[in-house]
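Enquirer: Sequence order for the protein chains is A and B.
Heads up: the first sequence at position 97 corresponds to 98 in this note's numbering, and the numbers run straight through without jumps.
Heads up: the second sequence at position 232 corresponds to 955 in this note's numbering, and the numbers run straight through without jumps.
Derived by calculation from the structure, the hints in this document are not laboratory data.
Heads up, a few of these hints could be off.
Just the calculated beta-carbon pair ranges, DEER-fashion [as the list claims (entries may be wrong)]:
| id | chain 1 | residue 1 | chain 2 | residue 2 | range |
| --- | --- | --- | --- | --- | --- |
| 1 | B | A1214 | A | G22 | 51 to 57 Å |
| 2 | A | G93 | B | G887 | 22 to 28 Å |
| 3 | A | F122 | B | V1152 | 33 to 39 Å |
| 4 | B | Q1246 | A | G22 | 43 to 49 Å |
| 5 | A | A129 | B | R942 | 39 to 45 Å |
| 6 | B | A1176 | A | H31 | 38 to 44 Å |
| 7 | A | G59 | B | E1202 | 30 to 36 Å |
The calculated EDC-like cross-link candidates involving lysine to aspartate or glutamate, where the alpha carbons are at most 20 Å apart (straight line), are [as the list claims (entries may be wrong)]:
| id | chain 1 | residue 1 | chain 2 | residue 2 |
| --- | --- | --- | --- | --- |
| 8 | B | K890 | B | D933 |
| 9 | B | K1018 | B | E741 |
| 10 | B | K1224 | A | E75 |
| 11 | B | K1224 | A | D106 |
| 12 | B | K827 | B | E741 |
| 13 | B | K1115 | B | E1009 |
Just so you know, these numbers come straight off a predicted model, no measurement behind them.
For every residue, glycine included, the Cβ atom is placed at its ideal position computed from N, Cα and C.
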Amino acid sequence: MTETRAAETAVRRFLTFRVGGESCAVDLAHIREIVRFESATRVPRVPDCVRGVVNLRGNIVPVIDLAAGLGLAETRVTSLTCLLVVEMPVAGEASVFGVLAGAVDQVLELGPDDVEPPPPFGTPVPAAQLAGMARSKDGFVFLLDLDRLLGDGGLLQGTAAAPVAGRS
Amino acid sequence: LDFDRAAVVELFLAEAGESLDAMEQCLVALERRPEDAELVAELFRNAHTIKGNAASLGFAAIAEVTHVLEDLLDRRRRHAAEVTQGFVTLLLEAVDLLRQLLGKAARDDDSQAPGQEAVVAALRRAAAGDQARWPAASPADVPVPSMDDLAAAATAAGRGFRVGLDKLDRLVALGGEIAIARSRIASLLEALGERATHVLEAHRDAERLDREMQELVMRTRMVPLGPSFRQHARTVRDVALALGKEVRLVIEGDDLEADLAVVERLRDPLTHMVRNALDHGVELPEVRRARGKDKVATITLRAYYAGGRLVVELADDGAGLDRDRILARARERGLVGAAQSLSEREIYELIFRAGFSTADSVTGLSGRGIGMDVVRRNIAALRGTVEIASRKGEGTVLTIHLPLTLAVVPGFLVAAGDERYVLPLENVVECLDLPPGQSATAAAGVVDLRGEAVPYLRVGRVLGAAGEAAARESLVVVEHGDLLAGLAVDALLGEAPIVMKPMGSLLGEVRGFSGSTVLGDGQVALILDVATLIRDARTEAAA
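Using the sequences and the hints, build the whole thing.
Expert: Okay, here's the thing in structure tokens:
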């Protein structure tokens, strides 16, 4: 009984999706829902990776385009484009935000042995911001660490309450 | 039974919190009127009530402290103890201690608070006739009462019962969302034309009722300013004592009402302003006497309504701002160029700039690590403004203008390129066509408005909006302080209710916007923070 439970928790489920043509994945536990994405209201004066904000049943949710943030081609909106609504702490603060996915692929079940550390260079997402790498039948899957990507010193640097630098 | 106890404890905590607020105010007053027996009687009554209730609920720590407190007050009642500064300080310490214990009691924790033994021992010594002075509390440690205290004090003022603030917030938000959903239905019905006339009429009737209900919801959130204002008496007393200054606090207009959230969020900036006035504004008694002033300084905290807004003024009769020193410091900090000359008003404005407060001006008292820039930002977050006026040698006045409510505000929708933005209608003075002959691409310009030169910003350019500019632009004239300014936009889209929503913790505050709102068609529009946009334009022009 105890053994099976331990085995169950060791297997984590990841959702894989496309970011700028690359296959990325985040822990399914952080994903609250997946909704269709059509357009967002642009927010001026924030980093490029913020596509804008959308109204999710009365709550305003920022939309993050990781592709733009990582220097890949900005995500083009097609009929496959989705918004992954993520709920997790970022920089220690409970956050709800949308991550733009060019397309959603599949749910991968990964045991500890299936996740390997990323190589020191060559990955489209900087190795420091990856939780690891895995393989699917189509090739590499990059497991994203969203807290590190979006937290202090990450893609959103210069947003938050900080006044726009260099304005005066 | 457990449920019953929880309800009784909750009631006890609320009432005891009010009693402590009352005691604090009595103590501050007692220091000025040591012979006032009424005040002592009131103190005794409050301590006694807390003691009785605490004991019956089994909060032994609270009962112990209030018991010795009663002993000491009884001694004073019999004129066996003298009201000295030390006496008042000791009793205030006891009040602080009881507040801490109430916090513990809220978690059903009856253990002692840190420092309890020392305070109780001092109370015992004093009650036994020892007049030894108790060291003054460091003002930085003075606890700031919580929102619940405020709400409690507010409900105590009239007959009523307590409602969780979260419920009220949700009620207001829901009201706003219903208003938006309704305006969407109305526009759909209008589009149906004649066929829907009767439905539209019925809808309009319901809308009227809806609006009435919303107004009522708003009114339930209005609380008097008094309890919040009177808390500053304690700050003034403690800080003045620590600085060796003599100050009287005059409060006016404390019976006026404002939204609970406004009152609550005004408290921190006001506390900082009061500390600043005590620390930097008010002179030492001997200096004041040498200048021919009353050695007791006066700080006036005054509220009044003007133009549908709440105005809160903090005035001191101290030394006033020193223009030369401010300018020198601003130059030192690189905020002002060496050759730049500024008007008096512009110089005073410098104290609101980020990076103006420096380590050497931030003393332990007014410091708290925040400067006037944070005060201004906090007030701007309430859709308010703060202005300063000062006369050397005569004093300084800070004037805060605030909206009476934060929930649903009438907005005005404009288009810039392909994008839509909302601004609070209260900012809008008038709308007109942008006169021909203006450059169509510049980010800013000047128009002649009935003989007055009015600067304007081209919103689409300033915010980098995508899309074509209109052939004929419109100008929305807005008011900021006493400056008129224009916003050039591509279309005026009419009024729209604003239910302010934050853009999520990930983005935090975005400069130039006070938040976002959902439009009738379900899309999001950002709310322009007119004050910041204008200030940034001024700063850019000055740089």
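Enquirer: Determine for every hint whether it applies to the structure shown.
Expert: Right, here's what the structure says about each hint:
1. B:A1214 <-> A:G22: 51 to 57 Å: violated, 38 Å
2. A:G93 <-> B:G887: 22 to 28 Å: holds, 26 Å
3. A:F122 <-> B:V1152: 33 to 39 Å: Given range 33 to 39 Å: violated, Cβ gap about 58 Å.
4. B:Q1246 <-> A:G22: 43 to 49 Å: violated, 29 Å
5. A:A129 <-> B:R942: 39 to 45 Å: Cβ of A129 of chain A to Cβ of R942 of chain B: about 54 Å, so the range 39 to 45 Å is violated.
6. B:A1176 <-> A:H31: 38 to 44 Å: Taking Cβ atoms as reference, A1176 of chain B and H31 of chain A lie about 55 Å apart, which means the hint is violated.
7. A:G59 <-> B:E1202: 30 to 36 Å: Given range 30 to 36 Å: holds, Cβ gap about 31 Å.
8. B:K890 <-> B:D933: Holds: K890 of chain B and D933 of chain B sit about 18 Å apart, inside 20 Å.
9. B:K1018 <-> B:E741: violated, 34 Å
10. B:K1224 <-> A:E75: violated, 27 Å
11. B:K1224 <-> A:D106: violated, 33 Å
12. B:K827 <-> B:E741: holds, 17 Å
13. B:K1115 <-> B:E1009: holds, 18 Å
Violated hints, in rising order: 1, 3, 4, 5, 6, 9, 10, 11; the structure is consistent with all others.
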